[in-house]
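Asks: Please model the entire structure based on the sequences and the hints provided.
In the working numbering, the protein residues as written are 639 to 935.
Calculated directly from the structure, the hints in this document are not laboratory data.
Note that beta-carbon positions come from the ideal geometry of N, C-alpha and C, so glycine has one too.
Watch out, some of these pointers could steer you wrong.
[Stated by the list, open to error] In silico EDC-like links for lysine to aspartate or glutamate, alpha-carbon gap of 20 Å or less:
hint	residue 1	residue 2
1	Lys874	Asp884
2	Lys874	Asp920
3	Lys736	Asp780
[Unchecked claim] For each label pair, taking beta carbons as the anchor points, the in silico distance ranges come out as:
hint	residue 1	residue 2	range
4	Lys736	Thr895	12 to 22 Å
5	Thr786	Ser766	42 to 52 Å
6	Thr786	Arg896	14 to 24 Å
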Amino acid sequence: LNLETGQTITSTGCRFEDPNFRDVMVGPNTDSVPTIISFINYNNTNPGTRDEEPAWSADPAVSQVIWAGTMQMYDTNDPSDNVVRGDQDRPFLRLKFKPSGPPGSQHDEGILQSLVILLTTGLSITDSDVTAVKIYRDDGNDVFEPVTDTLVSSGTDVFNELTADVTLTTPQTITATFWVAYDISFTAGTGATKIGARVVTATVIAPHTLDSTNFPFGSAYKAIFAAQYRIDGQIKLERDAAYIGDDIYNLTGKDQTRIGNTADGQLLSYYIRIENDGTSNDLFTVTGTGGNANWTI
Numbered sequence: 639l640n641l642e643t644g645q646t647i648t649s650t651g652c653r654f655e656d657p658n659f660r661d662v663m664v665g666p667n668t669d670s671v672p673t674i675i676s677f678i679n680y681n682n683t684n685p686g687t688r689d690e691e692p693a694w695s696a697d698p699a700v701s702q703v704i705w706a707g708t709m710q711m712y713d714t715n716d717p718s719d720n721v722v723r724g725d726q727d728r729p730f731l732r733l734k735f736k737p738s739g740p741p742g743s744q745h746d747e748g749i750l751q752s753l754v755i756l757l758t759t760g761l762s763i764t765d766s767d768v769t770a771v772k773i774y775r776d777d778g779n780d781v782f783e784p785v786t787d788t789l790v791s792s793g794t795d796v797f798n799e800l801t802a803d804v805t806l807t808t809p810q811t812i813t814a815t816f817w818v819a820y821d822i823s824f825t826a827g828t829g830a831t832k833i834g835a836r837v838v839t840a841t842v843i844a845p846h847t848l849d850s851t852n853f854p855f856g857s858a859y860k861a862i863f864a865a866q867y868r869i870d871g872q873i874k875l876e877r878d879a880a881y882i883g884d885d886i887y888n889l890t891g892k893d894q895t896r897i898g899n900t901a902d903g904q905l906l907s908y909y910i911r912i913e914n915d916g917t918s919n920d921l922f923t924v925t926g927t928g929g930n931a932n933w934t935i
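Replies: See the structure below:
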């Protein structure tokens, strides 16, 4: 039975005059709206009332209530640091979803499919100031860590007229926490330029829905600065033709880590290159310790 319009569940649940079918709603009834109901068949010839215990048939049909009540986004947790040219995986929004309906119902398993992100600005901004828009699924600690969090979008989505329609590479269970992050161009405008992120809408797989009254919402504006001091570390193995890590700035080693294997007694050498990508002169000192007695720096 498909309801033409979703109906609010009352405290008395639902009752049907057909003696062969009956469905009793359970759980919170104040903010949940069923859109699809299939009924359990039982062999009691008296439809009875809600309080009566029916005699169930030996082979009942499957009972299923798919909840499509209000599902809200909340807790944007806007990071407050300013933005620097060349920043990569710079988080702007943390997204959480709050489903309604009985705990353990199919509503709790709503699936997020896509987000429409607006590149917001207090002053001048262009599409090219952001080179990539990314969606990460948090690993459960509510801390943005692109090395351990999972990238669930392509990582290559860009803005077109300040709007990016980001489809997840694999639809994600709605109860996870998600992050919206940008890669900032090395030539992004600075000073007067202000940048932010706003979620215009989101798509979940039917029959679940999101409460449209919660959209749009977004971060505060951030100023973009050129980096006065910026060290660019690069690394390679002796046998490699080129260094990796050029113009990649993070403290996690993401996309600038080189791993090699060596046999007992065989020499394996790593080389590093340090560049000054800041706007001021700088002095670099490289120090380190070997991971064990077999390594020297």
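Asks: All the hints need checking, so say for each whether the structure fits it.
Replies: Comparing the hints with the structure gives:
no. : hint                          : verdict
1   : Lys874 <-> Asp884             : 11 Å, holds
2   : Lys874 <-> Asp920             : 23 Å, violated
3   : Lys736 <-> Asp780             : 15 Å, holds
4   : Lys736 <-> Thr895: 12 to 22 Å : 37 Å, violated
5   : Thr786 <-> Ser766: 42 to 52 Å : 30 Å, violated
6   : Thr786 <-> Arg896: 14 to 24 Å : 19 Å, holds
Consistency note: the structure conflicts with the earlier hints numbered 2, 4 and 5.
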